[in-house]
Amino acid sequence: MNDVEPLIVSELERLLPLPDGRRADWSDVLRRGDFMRARRRWRPVLVTAVIVAALVGVGVAIAAGFGAFNGISAAQRPQTPADKIDPKLLAEINAAFEVRGGPGRLIPRSARLVRRLSNARIYAVATKDGQLCVLAARLLNNNGKFDAAGMGCGSPLTQSEPSTAATFARDESSPAISWGITLDSVTAVSFMAGGHEVTVPVENNVWAYEGAAPTHGTLTAHFKDGSTETIG
Amino acid sequence: MAQTWPLTGDLEDLYRGRYPHFLRVATAIVGDEASGHDAVQDGFAQAFREQQSFRGEGPLEAWVWRTVVNAALAARRRRAARREAPEAAWMAKANGRADESAVRTWVAALPERQRLAVYLRYYADLDYRAIAEALDVEVGTVSATLSSAHQALRRSMKEVEQ
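Chains A and B are the protein sequences, given in the same order. At position 172 of the first sequence (counting the first as 1) the number is 172 in this note's numbering, and the numbers step up by one without a gap. At position 107 of the second sequence (counting the first as 1) the number is 107 in this note's numbering, and the numbers step up by one without a gap.
Keep in mind that a hint or two might mislead.
What the hints assert, rightly or not - Derived SDA-like pairs: lysine to any residue, alpha-carbon spacing no greater than 25 Å straight-line:
1) B:Lys158 - A:Asn204
2) B:Lys158 - A:Val4
3) A:Lys84 - A:Val4
To be verified - Derived Cβ-Cβ restraints for the label pairs, each shown as a range:
4) A:Leu117 - B:Ser148: 43 to 49 Å
5) B:Ala109 - A:Leu18: 20 to 26 Å
6) A:Pro78 - B:Asp13: 30 to 36 Å
7) B:Glu159 - A:Thr218: 54 to 60 Å
8) B:Asp32 - A:Pro6: 24 to 30 Å
9) A:Gly104 - B:Val137: 41 to 47 Å
10) A:Thr218 - B:Ser143: 32 to 38 Å
11) A:Asp25 - B:Glu159: 39 to 45 Å
12) A:Asp225 - B:Arg113: 53 to 59 Å
13) A:Pro78 - B:Glu138: 52 to 58 Å
14) B:Asp136 - A:Asp184: 42 to 48 Å
What the hints assert, rightly or not - Computed, partial: chain B to chain A, Cβ under 7 Å:
15) Gly17
16) Tyr19
17) Pro20
18) Leu23
19) Arg24
20) Ala28
21) Gln41
22) Phe44
23) Val103
24) Tyr122
25) Asp125
26) Tyr128
27) Val139
28) Ser143
29) Ser148
It should be emphasised that the hints constitute simulated quantities derived from the structure, not laboratory data. By construction, the Cβ of each residue, glycine as well, lies at the ideal position given by its N, Cα and C atoms.
Can you build the whole structure from these sequences, using the hints too?
So this is what it looks like as structure tokens:
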């Protein structure tokens with residue numbers, strides 16, 4: 001502090017003391033946000049694919065799982081207890097969808113844990129209108145409770161849109177987590193982050209990267225046959 | 001590539017954890033606590049609605065501060081159109097000693113950017129980088145702005161002493 005800062009701090013404090021939080025009302029924030037949303041069109045957070053209309057009609061009853069998981073073998077299996085998402089978090093997401101006019105409600109029994117990171121869990125979840133959602137729930141101090149989550153939803157994956165991609169960065173003190181789910185045929189993805197190209201391998205349909213947030217709006221998927229597809 | 005989506009939980013955590021600080025800054029800008037609360041609510045609602053545009057290149061909190069400060073400035077403009085004097089409103093509520101305070105004189109005389117930087121620095125306890133994000137200026141500008149503000153206070157103190 002310089003010579004005048006202590007005076008500034010004490011006098012400003014006296015002029016306007018820190019108020020208490022009695023007026024705080026989060027539900028009012030959501031209502032106001034909903035009002036704003038009603039005047040503007042919501043946009044999906046994920047790269048959209050072009051065949052959504054065809055898949056929506058198919059619904060979610062495809063043999064081994066859900067239509068939204070087509071081409072994602074890691075999610076094509078019966079649900080186990082480990083796949084279940086905290087009901088409170090699910091309710092919060094569904095409430096956010098309703099307020100924001102997002103995709104249809106998440107189907108709890110569709111949730112599949114597709115990757116465990118040291119500090120996060122990544123799930124694939126289908127929505128009632130056939131969209132694919134990818135949820136990253138971050139664990140606080142690895143105590144099993146989620147402290148934050150990021151999610152993106154979009155149309156099921158296709159050959160031209162073979163990977164989802166999202167980045168979550170809570171603050172400067174913690175590195176960003178970027179993640180995505182890919183088709184079975186994708187072996188790696190690459191993108192620009194921190195000033196250089198990063199290539200991340202895909203394991204069981206999932207790639208995850210902890211570090212600088214991707215800076216360019218494109219992602220390149222690398223296929224088993226050596227070909228690539230750039231999304232963005 | 002998809003945008004970052006800081007889920008509702010993140011914004012809600014920030015809101016619940018820092019609401020008094022947001023309210024204090026908004027009150028200082030707008031002029032009274034009720035209007036300050038309105039500005040905070042509108043600012044967070046805006047952040048909630050626009051959360052897809054947050055790309056994680058800086059702290060979430062600084063990004064939200066920008067929306068709240070903008071909401072408060074808009075509210076103040078509306079008050080000004082009604083010929084009200086926002087700064088005087090909350091200062092007048094301070095006790096009598098404050099009326100003679102060099103700091104009160106100083107705050108009232110500051111140009112807007114300096115005053116906002118002062119509020120964010122001393123009422124919200126933000127660092128220079130977060131202030132820069134919130135005001136959409138360079139970090140160096142924040143440093144120079146606060147330095148100018150401090151100089152102005154030194155002058156104001158001398159004038160009061162005389």
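Structure-based check of all given hints:
no. : hint                            : verdict
1   : B:Lys158 - A:Asn204             : 70 Å, violated
2   : B:Lys158 - A:Val4               : 12 Å, holds
3   : A:Lys84 - A:Val4                : 56 Å, violated
4   : A:Leu117 - B:Ser148: 43 to 49 Å : 46 Å, holds
5   : B:Ala109 - A:Leu18: 20 to 26 Å  : 24 Å, holds
6   : A:Pro78 - B:Asp13: 30 to 36 Å   : 34 Å, holds
7   : B:Glu159 - A:Thr218: 54 to 60 Å : 58 Å, holds
8   : B:Asp32 - A:Pro6: 24 to 30 Å    : 28 Å, holds
9   : A:Gly104 - B:Val137: 41 to 47 Å : 42 Å, holds
10  : A:Thr218 - B:Ser143: 32 to 38 Å : 35 Å, holds
11  : A:Asp25 - B:Glu159: 39 to 45 Å  : 43 Å, holds
12  : A:Asp225 - B:Arg113: 53 to 59 Å : 57 Å, holds
13  : A:Pro78 - B:Glu138: 52 to 58 Å  : 55 Å, holds
14  : B:Asp136 - A:Asp184: 42 to 48 Å : 44 Å, holds
15  : Gly17                           : 9 Å, violated
16  : Tyr19                           : 4 Å, holds
17  : Pro20                           : 5 Å, holds
18  : Leu23                           : 5 Å, holds
19  : Arg24                           : 6 Å, holds
20  : Ala28                           : 6 Å, holds
21  : Gln41                           : 6 Å, holds
22  : Phe44                           : 4 Å, holds
23  : Val103                          : 4 Å, holds
24  : Tyr122                          : 5 Å, holds
25  : Asp125                          : 10 Å, violated
26  : Tyr128                          : 13 Å, violated
27  : Val139                          : 13 Å, violated
28  : Ser143                          : 12 Å, violated
29  : Ser148                          : 12 Å, violated
When the structure is compared with the earlier hints, violations turn up for hints 1, 3, 15, 25, 26, 27, 28, 29 and for no others.
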